[in-house]
Amino acid sequence: GENVEQHPSTLSVQEGDSAVIKCTYSDSASNYFPWYKQELGKRPQLIIDIRSNVGEKKDQRIAVTLNKTAKHFSLHITETQPEDSAVYFCAANPTGGGADGLTFGKGTHLIIQP
Amino acid sequence: EAQVTQNPRYLITVTGKKLTVTCSQNMNHEYMSWYRQDPGLGLRQIYYSMNVEVTDKGDVPEGYKVSRKEKRNFPLILESPSPNQTSLYFCASSPRMGASEKLFFGSGTQLSVL
Numbered sequence: 001g002e003n004v005e006q007h008p009s010t011l012s013v014q015e016g017d018s019a020v021i022k023c024t025y026s027d028s029a030s031n032y033f034p035w036y037k038q039e040l041g042k043r044p045q046l047i048i049d050i051r052s053n054v055g056e057k058k059d060q061r062i063a064v065t066l067n068k069t070a071k072h073f074s075l076h077i078t079e080t081q082p083e084d085s086a087v088y089f090c091a092a093n094p095t096g097g098g099a100d101g102l103t104f105g106k107g108t109h110l111i112i113q114p
Numbered sequence: 115e116a117q118v119t120q121n122p123r124y125l126i127t128v129t130g131k132k133l134t135v136t137c138s139q140n141m142n143h144e145y146m147s148w149y150r151q152d153p154g155l156g157l158r159q160i161y162y163s164m165n166v167e168v169t170d171k172g173d174v175p176e177g178y179k180v181s182r183k184e185k186r187n188f189p190l191i192l193e194s195p196s197p198n199q200t201s202l203y204f205c206a207s208s209p210r211m212g213a214s215e216k217l218f219f220g221s222g223t224q225l226s227v228l
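If you read the protein sequences in the order shown, they are chains A and B. Residues 1 to 114, numbered by my numbering, are exactly what the first sequence covers, in order. Residues 115 to 228, numbered by my numbering, are exactly what the second sequence covers, in order.
If you're looking for bench data, these hints aren't it; they were derived computationally from the structure. Note that beta-carbon positions come from the ideal geometry of N, C-alpha and C, so glycine has one too. Hints are not guaranteed to be accurate.
[Stated by the list, open to error] Beta-carbon label-pair distances, calculated as ranges:
#, chain 1, residue 1, chain 2, residue 2, range
1, A, P114, B, P197, 38 to 44 Å
2, A, E79, B, V166, 42 to 48 Å
3, A, G55, B, S181, 38 to 44 Å
4, A, G55, B, N142, 42 to 48 Å
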């Protein structure tokens with residue numbers, strides 16, 4: 001099955017700096033890569049996703065890049081703000097649109113230092 | 115309001131006492147899934163359902179049962195809970211998982227098995 005590795009497990013950045021979280025996946029048939037944000041005590045919520053037919057997608061201060069050849073994708077957050085503090089999960093759809101659902105990474109705890 | 119509703123929010127029980135965590139969605143979604151979240155392990159899929167009367171095992175199904183008798187409901191059943199099932203549980207739904215779409219999560223159930 002799919003294996004999704006996520007790094008780092010904890011990331012501390014100064015407010016206003018950029019943050020980058022990286023994930024690798026094992027199943028070359030995967031074609032959908034979402035990122036979820038989970039604030040303390042809350043449910044995970046989708047913040048951005050990318051499909052395998054594009055290499056980059058941006059939404060205001062967040063962007064995701066995908067390298068299909070290397071089987072890795074990354075989340076980039078620019079001009080970080082206190083409200084960006086949360087746990088972020090990457091995920092991949094292991095059967096490329098099949099029935100198995102998403103396999104999640106283990107999460108990155110992003111801490112924004114004032 | 116479109117939502118996934120889980121109950122209860124918190125549950126403390128003892129080893130061996132059967133329990134059910136309910137999950138209901140009002141969005142007419144075909145796909146529903148259960149995840150457990152443990153520190154350092156991220157979100158791991160327990161069971162999923164592609165539609166009514168169709169269920170299948172995820173990555174960590176041991177000790178759990180599910181049923182999908184109606185489209186809106188997908189209860190998680192622990193026939194004989196054990197302490198290693200102490201965890202934070204999330205139910206999620208999406209219109210059609212085969213299309214790799216956004217997952218809508220419930221608010222979570224924090225289960226403690228003593």
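Against the structure, the hints:
The hint said 38 to 44 Å for the Cβ distance between P114/A and P197/B, and at roughly 39 Å that hint holds. The hint said 42 to 48 Å for the Cβ distance between E79/A and V166/B, and at roughly 46 Å that hint holds. The supplied range of 38 to 44 Å is met by G55/A and S181/B, whose beta-carbon atoms lie about 42 Å from each other. With their beta carbons about 34 Å apart, G55/A and N142/B fall outside the hinted range of 42 to 48 Å.
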